[in-house]
Amino acid sequence: MTLEDIQRALLESYEKVGGINHFDGSNLPSQESVNRLASDFMHLLFPGFFELRPLAKRDVPEVTAARLKDVAARLTLEVERALRFAQDPDPNGRAAPAAMALLGKLPELRAIVHTDVTAAYRGDPAARNIDEIILAYPCVLAISLQRIAHELYLLKIPLIPRMLTEYAHERTGIDLHPGARFGTHFFIDHGTGVVIGETARIGDRVKIYQGVTLGAKSFDLDSEGNPVKGVKRHPDIEDDVTIYAHATILGGETRIGALSVIGANVSLLESIPPGSIAYNKGEHLVVRSRRKREELIEQLTADQVKAGDWVI
Amino acid sequence: MTLEDIQRALLESYEKVGGINHFDGSNLPSQESVNRLASDFMHLLFPGFFELRPLAKRDVPEVTAARLKDVAARLTLEVERALRFAQDPDPNGRAAPAAMALLGKLPELRAIVHTDVTAAYRGDPAARNIDEIILAYPCVLAISLQRIAHELYLLKIPLIPRMLTEYAHERTGIDLHPGARFGTHFFIDHGTGVVIGETARIGDRVKIYQGVTLGAKSFDLDSEGNPVKGVKRHPDIEDDVTIYAHATILGGETRIGALSVIGANVSLLESIPPGSIAYNKGEHLVVRSRRKREELIEQLTADQVKAGDWVI
Amino acid sequence: MTLEDIQRALLESYEKVGGINHFDGSNLPSQESVNRLASDFMHLLFPGFFELRPLAKRDVPEVTAARLKDVAARLTLEVERALRFAQDPDPNGRAAPAAMALLGKLPELRAIVHTDVTAAYRGDPAARNIDEIILAYPCVLAISLQRIAHELYLLKIPLIPRMLTEYAHERTGIDLHPGARFGTHFFIDHGTGVVIGETARIGDRVKIYQGVTLGAKSFDLDSEGNPVKGVKRHPDIEDDVTIYAHATILGGETRIGALSVIGANVSLLESIPPGSIAYNKGEHLVVRSRRKREELIEQLTADQVKAGDWVI
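The listed protein sequences correspond, in order, to chains A, B and C. Numbering of the first sequence is given in numbering that gives the first Met the number 0, commencing with residue 0 and proceeding in unit increments. Numbering of the second sequence is given in numbering that gives the first Met the number 0, commencing with residue 0 and proceeding in unit increments. Numbering of the third sequence is given in numbering that gives the first Met the number 0, commencing with residue 0 and proceeding in unit increments.
Quick caveat, the hints were computed from the structure, so don't treat them as lab data. Yeah, the Cβ is synthetic: ideal placement off N, Cα and C, and Gly gets one too. Take these hints with a grain of salt, some might be off.
[To be verified] Sample of chain A residues facing chain C (criterion: CB under 7 Å; computed from the structure):
| id | residue |
| --- | --- |
| 1 | P60 |
| 2 | P124 |
| 3 | A125 |
[Stated by the list, open to error] PhoX-like, lysine-lysine: derived pairs with alpha carbons at most 20 Å apart:
| id | chain 1 | residue 1 | chain 2 | residue 2 |
| --- | --- | --- | --- | --- |
| 4 | A | K104 | A | K155 |
| 5 | B | K15 | C | K155 |
| 6 | A | K15 | B | K56 |
[Stated by the list, open to error] Covered stretches of chain B (in silico footprint by chain C; criterion: 3 or more residues with CB under 8 Å from a CB of chain C, positions within the stretch not fixed):
| id | segment |
| --- | --- |
| 7 | 133–147 |
| 8 | 166–173 |
Excised from the complex, chain A in its bound form (with noise of 0.2 Å):
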């Protein structure tokens, strides 16, 4: 076989199996471009902090200017590719709009993001300090880039706030959906092996170790076959919730009451009550009020192997 005939059998192929082309359509969003847009949103969240020189305060409203310039004309540009590629009547026109609303939401989620890094740094006792939380714990770019994603998910822009996770999926094992819906002061330790589903919503101040699934149950298939979108499938998580590794928590209607404590490795696919505490003794998967946390702990330990698991 020669080269000229491998090429000849490749056409046809691109001839034949369709669907995984894309041939004389609008250019895509690049996976490059939509990244390099994820290392600006980060620098803009965090001025000072990925710079390569020292930012010098009396130069930031200048380096501001001109990075918010150069991201909303990029940003624009994909917007415009994602829409035109989704067939929108108006792709012109409703791309800098849109990014201009996104960046327009950037100040409220600085504020944000700072719960989110708060949280880590009250979370974890290996943190020596907040910066070396923002150069080198995952979780937040994890979270940033989601937090940017769900706007433009809620603007309804197609392609590119999944890329954006994904990019952050890729660097950190953290798998979040644009979709879901995150509270303040929101942690994820290690991280590695993290999927929350499209239809989570996750209260203030909640906790996650490594490995944790918030997922669905089961989906419905339309009448050819294919899954139907858009439905609730993934769990309500209420505010000052922990869930400790490996838990895997799942369903539409599944809710997880306030202050709760989900055990490491547990499984959980019906609601509990605020304030419980689930985690695996035996062949029992034990569902009970906490008391104080002191008291909490405790008991764990005195239960210890039998309890399960008790990661903090």
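Chain A is fixed; fit chains B and C onto it per the hints.
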């Protein structure tokens, strides 16, 4: 200690601690070159999706010819390096035919990855369209590169197959050994933490979630204490099987019968018949016959928490 | 809203939401520079393996001298930045000696990572040769950089140790804290999702699979509600222990005795004596004495499914 002292000590260590040096040998394939080839393969499989500029249909023949020629040259070089390293008697003679054999498989592989992409669209309610899957679903990179690496594995090319799948592992958290055999319509959702071993065989329309291991139970050591290579150590998964998050299936003689469903967190070390469902219920691992899918899901919802996990 | 409005709001947010800005301060170590140092360390530890051109033995002294000089300069600069950031009284005076102290450890570290690579070859039947392990096994990057980061951790250099291990975490999914202490011949297979905490101590010839957590049970809060830092919170693993996939071992007083085997998915919150085997069997966690390895494996195969998982 001066820099000269350190240099002297390091050079002494290079003399003394061998096996992790590579001097005066042939050039090894470099991860950078292999990564670039990986990216090229994705362009050839999904033309127009990862380009920086739109690809007009009339330019496809020319662009494809140029890319093929370039890839053929670089692939031949890396294969030759790998063969030379492995002290193949005829690296120069074997490299070009092997590279051509792989490239000649691309049309066939395109037809198969097309089934994978379709399976992803059908398997995930959050997927908006096929393009989002190609652009932002990590399983596409992982399975596409595994299918390419598997061809090189069959051609007995050393090093490069594993370097290709390790590139995908690094980017996706999905660790598919080049030796594993996959049928059509293979879908991994989320994917972080999936491990599929060298001698696993997977049928058509198999669906796997994050954290699933298809691994080995044990292995034998030879008289020098090194593991015996090449034994069948990983399970067979028949057609139309679904394996939920964090399930672990082990052993070279373990066979999961067609149309079976394995619940989340289940551990299986022995075969189960076609049409089975396996899930944890208290102290028992329950394995029983599946009924109609609708009944099945109802049943699981009734058993709920005790029934174990049921992630879709 | 115009771009000027957004800029004004963002600048106001920079005034108002502090702690996540870094203005007028010294330059922080940048992740890019730390990543480049990480790559340099791999070149120095495994000379000839990651070069773009073959490395002739006669060129090694010259190449090594040039690389060492370059790394010493850049490492000193980043260490100085980290010290200055941490308000060290003498960053300029301390940086160069710290950098030299680390580089002076390289010969010793090479001897140790050589044992790690050997352990990987002995521990994985799929490994074809030592070179494949160095080129394509993620554990090599993770443990090599942890050993480097640990030296900087012992030298009390801020930020950089964690940035080095986070680089490895990002690339491999293996999260080894710089504070953890590892013996020789350490092997992690696959590795995605492994988490080993700051105060863990690991003996010689320890083998760990994907998803294993060596974590903390709980931590104390000080009077301001921040976690108390520096307490021993993570377990000790003695020599010759094997820990299978997704096992979780927690607590600073938990000690896994030498020659023990921990089955997949097992959760342990208390110590077990040397020579133990721990596995899940129905509602019980079984911990008993190991007999001869051969007997042991036979036993497990008989117990099979109920015995829990036995991944090698």
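Okay, the hints, checked on the actual structure:
{"no.": "1", "hint": "P60", "verdict": "6 Å, holds"}
{"no.": "2", "hint": "P124", "verdict": "4 Å, holds"}
{"no.": "3", "hint": "A125", "verdict": "5 Å, holds"}
{"no.": "4", "hint": "A/K104 x A/K155", "verdict": "15 Å, holds"}
{"no.": "5", "hint": "B/K15 x C/K155", "verdict": "31 Å, violated"}
{"no.": "6", "hint": "A/K15 x B/K56", "verdict": "14 Å, holds"}
{"no.": "7", "hint": "133–147", "verdict": "violated (count 0)"}
{"no.": "8", "hint": "166–173", "verdict": "holds (count 3)"}
Against the hints set out earlier in the document, violations occur for numbers 5, 7.
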